[in-house]
Amino acid sequence: MKRLKALSLFVLSLAFLISACSDGGNNQPAAETPSAAVETPAATTAAETPAAEPGASANLNPQGFPIVNESISLSVFGCKDANHAAWKDVLVLKEYEKMSNVKMEYQDAPAQGCEENRNLMFASNDLPDIFLRAGLSSTDIANYGMQEQMLVPLEGLIEQHAPNLKKLLDTYPDVKSSITAPDGHIYALPSFNMQLAGRTEKIWINELWLKELGLEKPTNMDEMLHVLRAFRDQDPNKNGEKDEIPLGLREPLFIFTALSGSFGLERQFGGNFNIENDKVNLWVDDDRYKELLEYLNQLYAEGLLWKDFFTKDIPTWRSNLSQAKYGMFFIFASDPFTTVEDQFVGMSPIKGPRGEQTFSHATSLASFTSSFMGGGNFAITVENKHPEASIRWIDYFYGEEGSRFFQYGIEGETYNLVDGKPQLVDSILNDPRGLMARLGEINLVPGAHFPTAVFESIVLNKKSMEVAEYVKDYIPDLIYGAPIFDDATLDRILPIKNELDKYVEETSVKFIIGELSFDKWDEYVDTLRKMKMDELEQAYQTAYDGMK
Amino acid sequence: MSLYAPATQGQPRAKARQLWRRILSRYELYVMLAVPLAWYIIFKYVPMYGVQIAFKDFSPRRGIVGSEWVGLEHFQRFFESYYFWDLIWNTFSLSMFNLIAGFPIPILLALLINEIRTKDMKKLVQNATYIPHFLSLVVVVGILQIFLDDDIGKINQFIGLFGGDAIDFLNKAAWFQTIFVSSEIWQHMGWSSIIYLAALSGIDPTLYEAAKMDGATRLKRIIHVSIPGIMPTIVILFILQIGHMMDVGFEKALLMQNSVNADKSEILSTFVYKFGIKQGQFSFTAAAGLFNAVIDFTLLIIVNYWARKKTGTSLW
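Protein chains in written order, with our numbering: chain A, 1 to 548; chain B, 549 to 864.
To be clear, the hints were calculated from the coordinates, so they are not data collected in a lab. This one's a predicted model, so the numbers in the text were calculated from it and none came from an experiment. Watch out, some of these pointers could steer you wrong.
To give a feel for the contact side, a few chain B residues facing chain A, derived at Cβ under 10 Å [to be verified]:
1. Y575
2. E799
3. E814
According to the in silico footprint, chain B covers these stretches of chain A (three or more CB under 8 Å from chain B) [said to hold, decoys possible]:
4. 309-317
5. 343-357
All residues carry an ideal CB built from backbone N, CA and C; glycine is no exception.
When you get a sec, could you build the whole thing from the sequences and use the hints?
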């Protein structure tokens, strides 16, 4: 009996071990797969594009649908937004599969942890055929594209098989240069936002409160102080409690983007850079930045700024937003607060100390690495046996017909043409779970960054478009996206940039909340110099000279 | 080769056969041991060969063995980091604080529980103190945030009752270590005291009686009988804790961090996570991790040696 018990215990523990092994398989790539990687031949050169299967070109239709005569299957990895349904269930993608005859096996990872997932895929050399909306940063492209040659150069494929994309790149040569890596190849494709309103954050102010208090929209720093103070003290939402939050900045990022334009500070290259007389200037050591911080410090000290702005607690910020607690704030569109959106109206940026009135929170035409999130949105890996079909697959979405199909779905089913403009059917617009949740079952619009060209944005509802009008004239004419550095430069400046960004963010927060007095400004600037800020600036200058 | 050789030659073989028979007779024990042993070998020892990427420029295409050697480049980058000394100090001081404040408490708790007469009371106190150990870290940090919030937190409301000003516990670097360590103690003291209680129960009761007869007070009995009785346990656990000096609470620090308390809350492991793993720089991360492990190991050896000399008890 004792032997029997011992034996069954042994079998049970063996079963546990085996089940742990199979689950742990995903978490132990370093232990298992590198041995496989060692056996594969050494790194292939860029010249070897993946060999298409024999007869693949015969299978491919050079134009029109279906894309291939005999169905092919491709594996796709991407980051799933919270509002997306499982990608294999998304309407537009399922419909497109029928149209194109290209079966996609989706490995969609939830947004939280997607970055780690992606890194692990690269590190274990366990690649899908396509990266779609996977948040590839320019660092990834430099590293895994240029250096490791795990991504396939696309310019040849675009030239031959992607007419829509080719047209866009020919029309906007600065976009083409910004997505081209230093070795002359294009490794990943961006999303295009053809409408200006689709590329910029907007300034919102509570008109109801302004009317209630008999105030006008502020146009300069003093007026803004006055209005915010009134919001704080005079209970404009008339609920008997002083629960109004005058200025609702969402997170530390907004220190650099929200009001910086009024102080003459722009956001070029996806970072805190200005371009003045062809010189690239990292402005975190500027006196103008000190002025901005002093202003924010005053706002914070007087209780005019949301006091938790640096905790990165976005759910709480959104909850405040949907309860209309903020007097003034910055957001792309009104979808998180449509129930109260009528209280708000658009506003132009205030004039700063020298009368400057720029709005910096905008991105370039093609958002590759935008200040919002995301990164390179479409890439083909060396594992892909059907690169031509893949590029044709994505090219459809860069044209007007494909763009409309992606955003609005199927005519008659999910949208109707009203005065020639597509409009979603009411059952979708009024879905009790919210527009974005419903939309996530139809396409991958929620969360943006799908590699497509947006000609008529579906996210920007009427309200958001109205509000956008107020900032349109104040966005810089030319906004450069983040450059793609070559590996040697990246090795040098990435550590510098990481630490500098961390130091700047933390110290700026401390200045604003009063933890650090402005007497220590010179110390701060000295530390920046010691952290090799000049070297970083120089690297961007070199990149800019190459972009012009 | 003498006539007497067979006897001496037979002995090792006989010994081996004896050993083998002993093993077989208790095969259940070895079977139970086999599984954890296999786990250790597969998941802890075998992957060690991967640590070489700390000295290489890891390229996924070439794999671990095929990547090229770069020597101490990553270590150099690590040491030259602007934050390097702050990180070392933060990690070390947090760990020391945890050790000095947190190590004696479970011992004291065990001694106290041991003195309780009624069995029911004893069980009650034990259970009440070790339940928090099972709470997930995320839950504990969530509780901390609710209680210590400077607006709605209970602690600040309590302070307000006495006319004091609210203290912004969560956003001041100065409070970080205190909150970290005290919540550690609260959460784990019950569980950690269990092993000391087990050791205490192993002390010969006649020793206590002898002490009582000699006129020792309760306190004197604790100092002269209980504590020496569990001293070997204390020493061993102390050595083990030293071995974890440099990897103090990564997840907890990460959850409690924000821009303002980063001065004190940024420790080696969180830094490496943010700049190494999140950005896919595996070689750099491996170098920092190796550095951590080397320091831990050195401390372990030193403390073990010292313990052996001083108290005769040690790990090896």
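Discussion item. Flag every earlier hint the structure violates by its number, smallest first.
Written reply: 2, 5
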